[in-house]
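> In order, the protein sequences belong to chains E and S. Numbering-wise (numbering that gives the first Met the number 0), the first sequence opens with residue 0 and increments by one. Numbering-wise (numbering that gives the first Met the number 0), the second sequence opens with residue 0 and increments by one.
The hints are simulated quantities; they were obtained by calculation from the structure and are not laboratory data. Just so it is clear, CB atoms sit at the ideal spot from N, CA and C, and this is done for glycine as well. Possibly wrong hints are sitting among the right ones.
Claimed, not checked - Taking beta-carbon pairs under 10 Å as the criterion, some of the chain E residues facing chain S (in silico): (1) Gly-35; (2) Lys-77; (3) Ala-163; (4) Thr-178; (5) Arg-284; (6) Leu-471.
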Amino acid sequence: MKRDVLRKVLVILLVVLSVLVYASKFTSELFKQLAGAKNKIPTIPIPAYERFVLPNKMVCYIAQDKRLPIIEIKGYVKYGTLNETPEIAGLSAFMLDLMNSATKNRDEFALAEEKELKGVSISFSAQPDYYQLSASALSDDVEALFELLADELRNPEFRADNFARKQQEYMQSFAQAKTQEQPMAKRYFYTAIYGENHPYSFYTNYALLSKVMPTLTPDIVEEFYSKTILPDRIVLAIVGDFETEKVKELLLKYFGDWESIKMEGFEPPKIDHEPPHGKIFVLDRPTSTQAYLMMGYEFFDHRFAERIAFLMANRVYGSGMFNCRLMKSLRTEKGYVYGVSSSMQLYEVGGEYYVTTSVRYDAVADTIRSIIEEMKAIKSGEKPIDEDELFEVINLYNAQFPDAYKDTISILDSVVLNAEIRGRSPNYVNEFIQAYNALDAQTVNDVFSKYSYPEKFVVVLVGQKDRIVENLEKHGYTSYEVIEFGK
Amino acid sequence: MRKLFLTVFVLLTLTLLAIEVPTVKYVYHQLPNGLQIYVFEDHTVPLVKVQVWYKVGSIDEEKGRTGVAHLLEHEMFNGTEAIGKGEIDELITSVGGQLNAGTYYDYTVYYEIVPSAKLELALAIEADRMRNLKIDPIDFYRELEVVKQERRQRVENNYIQSGWEELQSNAFAGTPLGHFIIGWMEDLNKMTHDYVRDFYEMFYAPNNAIVAISGDVDPQETIVLVEKYFGDYEPVEIKRPVYAETKFEGEKVLRLPRITRYALMLQLYQIPRGDHEDLPAIEALLDIWLNSESSRVINELYYKRGMILGCGGFTTALRIPGYALVYAFGYKEDDLDQIKEAMDEELRKIAEEGVFEEELEKVKKARLKEIIFGLKDIREFSDMIVLSALRYDDPYLYKKKIETTSKLTSEDIRRVARQYFLSKDRYVGYIVPKN
Numbered sequence: 000m001k002r003d004v005l006r007k008v009l010v011i012l013l014v015v016l017s018v019l020v021y022a023s024k025f026t027s028e029l030f031k032q033l034a035g036a037k038n039k040i041p042t043i044p045i046p047a048y049e050r051f052v053l054p055n056k057m058v059c060y061i062a063q064d065k066r067l068p069i070i071e072i073k074g075y076v077k078y079g080t081l082n083e084t085p086e087i088a089g090l091s092a093f094m095l096d097l098m099n100s101a102t103k104n105r106d107e108f109a110l111a112e113e114k115e116l117k118g119v120s121i122s123f124s125a126q127p128d129y130y131q132l133s134a135s136a137l138s139d140d141v142e143a144l145f146e147l148l149a150d151e152l153r154n155p156e157f158r159a160d161n162f163a164r165k166q167q168e169y170m171q172s173f174a175q176a177k178t179q180e181q182p183m184a185k186r187y188f189y190t191a192i193y194g195e196n197h198p199y200s201f202y203t204n205y206a207l208l209s210k211v212m213p214t215l216t217p218d219i220v221e222e223f224y225s226k227t228i229l230p231d232r233i234v235l236a237i238v239g240d241f242e243t244e245k246v247k248e249l250l251l252k253y254f255g256d257w258e259s260i261k262m263e264g265f266e267p268p269k270i271d272h273e274p275p276h277g278k279i280f281v282l283d284r285p286t287s288t289q290a291y292l293m294m295g296y297e298f299f300d301h302r303f304a305e306r307i308a309f310l311m312a313n314r315v316y317g318s319g320m321f322n323c324r325l326m327k328s329l330r331t332e333k334g335y336v337y338g339v340s341s342s343m344q345l346y347e348v349g350g351e352y353y354v355t356t357s358v359r360y361d362a363v364a365d366t367i368r369s370i371i372e373e374m375k376a377i378k379s380g381e382k383p384i385d386e387d388e389l390f391e392v393i394n395l396y397n398a399q400f401p402d403a404y405k406d407t408i409s410i411l412d413s414v415v416l417n418a419e420i421r422g423r424s425p426n427y428v429n430e431f432i433q434a435y436n437a438l439d440a441q442t443v444n445d446v447f448s449k450y451s452y453p454e455k456f457v458v459v460l461v462g463q464k465d466r467i468v469e470n471l472e473k474h475g476y477t478s479y480e481v482i483e484f485g486k
Numbered sequence: 000m001r002k003l004f005l006t007v008f009v010l011l012t013l014t015l016l017a018i019e020v021p022t023v024k025y026v027y028h029q030l031p032n033g034l035q036i037y038v039f040e041d042h043t044v045p046l047v048k049v050q051v052w053y054k055v056g057s058i059d060e061e062k063g064r065t066g067v068a069h070l071l072e073h074e075m076f077n078g079t080e081a082i083g084k085g086e087i088d089e090l091i092t093s094v095g096g097q098l099n100a101g102t103y104y105d106y107t108v109y110y111e112i113v114p115s116a117k118l119e120l121a122l123a124i125e126a127d128r129m130r131n132l133k134i135d136p137i138d139f140y141r142e143l144e145v146v147k148q149e150r151r152q153r154v155e156n157n158y159i160q161s162g163w164e165e166l167q168s169n170a171f172a173g174t175p176l177g178h179f180i181i182g183w184m185e186d187l188n189k190m191t192h193d194y195v196r197d198f199y200e201m202f203y204a205p206n207n208a209i210v211a212i213s214g215d216v217d218p219q220e221t222i223v224l225v226e227k228y229f230g231d232y233e234p235v236e237i238k239r240p241v242y243a244e245t246k247f248e249g250e251k252v253l254r255l256p257r258i259t260r261y262a263l264m265l266q267l268y269q270i271p272r273g274d275h276e277d278l279p280a281i282e283a284l285l286d287i288w289l290n291s292e293s294s295r296v297i298n299e300l301y302y303k304r305g306m307i308l309g310c311g312g313f314t315t316a317l318r319i320p321g322y323a324l325v326y327a328f329g330y331k332e333d334d335l336d337q338i339k340e341a342m343d344e345e346l347r348k349i350a351e352e353g354v355f356e357e358e359l360e361k362v363k364k365a366r367l368k369e370i371i372f373g374l375k376d377i378r379e380f381s382d383m384i385v386l387s388a389l390r391y392d393d394p395y396l397y398k399k400k401i402e403t404t405s406k407l408t409s410e411d412i413r414r415v416a417r418q419y420f421l422s423k424d425r426y427v428g429y430i431v432p433k434n
């Protein structure tokens, strides 16, 4: 009996001992010891490239990369939706879509089939300050890639049977946008920030877009095309497994005889609008089980001198990562939201700053208040950004930046964007790295304090109006405008 | 130790076209406790991705407990006995790393992307939270609110997701696919921290996981580190719920009103599990029938008749029999019956007359391009290999699929069209504008 007891005690002791030994394996000291590191300041290796200018002034940056049998193209047309007027709002995106659908040499089906047989992908998109293009293929199909890209850029067919069908598609998509949370919010937010008449608000102004689309004709699109898609406005980054001389031959073969037309200079429209600072819009969406929130104000253009310092400060405030102030407050501490982030967009003649999240109805007012209070806490110096927070952001950038530029096309694309579109150095990506590494907490606090405007927030809420209003009223927000569903 | 390493050279010898795809290399090792290790060496940038893949997902949940796998994934960031609340994120961000996780029907994966010098930190965190998770009741119920918010945001307020959820839950009622991964709100409302702990202790074990490391590392040193941190754990007897099975018989149509101005048709068809030899032919059929920009349905219903705004189809291929989802966007509800009939007619033509050689060539070209462009990022490419190992114990599945695709014939496409789609044993959902 005693032996049994002793055996049991021994077993228990062994178990306890093993637990203690086991438990000691993972300790907070271990993790502290394993963590903590200052990452090296990276340098992005700019590839050897040739800037090849065709006689028609089309510019091509060409770099070899023979690691994989592929070829990739990124490119820009120096003409954006900024150049649209209310009478042709949305025309850029519509035209680019038609260009990628049919050409004078190939109808819709033939173009789609040939691209798929050759493994050629081509896409166009309209951005505020420029149009973007992207194309790729396996290197064996390099000639087909250039031939098809040239056909779409030079010979689009706007008189094909698809014109009316595409118009119908766009009308349906505008009607759909008026029913979905984020497009609904954007429609009121951008109009509030830029005004009804500025191009930066056109692409989310579905009422305007719906009015313009039926008035567009093949003649209007054709004329617009002839004034916008010109070789001397195009700049390409071309990377892949090829011989540079062969690519130059192909560029001359397919684009060399494309003549440029002299166009008059364009004066971009200034933003002549005073946003309704402090205003709250409540957009009714009857079946929403939570509220979508977008709040922000007008900001600077891309020349904003303190852009990099502000960017770093904003990462601390609202990067969307778990360690930013807004996530700590609204998700980790309060459990109100799944995600929340703040962003800035800087364009040629202006920009915007905004915070977005989705939040349950009983926390709407407190979420708005918290977003403003967290900004004020940094601005006023009550809770300044400390060196550790800034270090985390810089350390993250230093670690992850090489990953964002690990393929040659990403680097060459950045060279082209900065040198040809933004008027910066071709090596801007490395200048940017040096600039954020030179920052200290005092500087980013000063910049965030100077350029954050908690009193300016325009708030747009989408959801069941009664539930949103009830929560706003309960917390003292009595001034708001309710927009009925479908308006 | 060195003898235990099995170095595998994977040569993608594609016979589709005359392009030789570069070699992908990885090192494999298994610990005595069953933990499998895959190491992919890639020195492109000084980073490493550490992943732990658990063979557990929403199909392993019991009735009335839906959403527990995903909720546990959230809980895994709340700390262990040694790591306090919020510190997992702080430790990784302190070294300039990133981390996240994802839950699917049949797996859950956690990852960190850190400077390669910090590999050991990521491994130690993953090892600690594999068996030592702390589930504090206060943190648990706050995190539960976050998950409910995620459900509202991603499913309830999205007309496609909420309609799809209703259709799938009807089609697969009483089976593991009878609910979405995030679970039902009523089940989340009654979830307890004790139940989540039981689920964790059952499934988070070395013999139910794969550690995958890809990036700027030495494979042999890496495996030594994995053994250092995971080697002491004992295997656990994994008990999964007994899977119910269902067989669609005939066509059932559900009308699903939502806030939308599109009319969207969804069709669910049953397909075999993801390693079945018919999967490449099924995926090729979907491309030829629907997905390609010059597909049969696009040509007939979009280009010629202007009846649809778009269409497509994809497989949800799992370690249990899954489904193919076919969809088409129409302009109005009244068109959907006609669209359905016209799509069926295009399928009938394929099943009876077969497909053209050019159509097969387009599929083969697309697969080849997808694989070669995928090799731009070995860290991403490795996911396909590891996931096949986790699901089917077959890391080479992708090679077999490529080989099968390269040999596909018109008869193969006809056969799968008849076997899986033509009988119309399916669930159809009409997501239509709500008044």
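> Work down the list of hints and note, for each, if the structure agrees.
Status of the hints after comparison with the structure:
Because the beta carbon of Gly-35 (chain E) sits about 6 Å from the nearest beta carbon in chain S, less than 10 Å, this interface hint is met. Hint status for Lys-77 (chain E): violated, given a least beta-carbon distance of 28 Å to chain S, over 10 Å. Because the closest C-beta pair between Ala-163 (chain E) and chain S is about 8 Å apart, less than 10 Å, the hint holds. Checking Thr-178 (chain E) against chain S by beta carbon gives a least distance of about 5 Å; that is within 10 Å, so the hint holds.
With its C-beta approaching chain S no nearer than about 7 Å, Arg-284 (chain E) sits inside the 10 Å limit, and its interface hint holds. The beta carbon of Leu-471 (chain E) is not positioned within 10 Å of any beta carbon in chain S (closest approach about 19 Å), and the interface hint is therefore violated.
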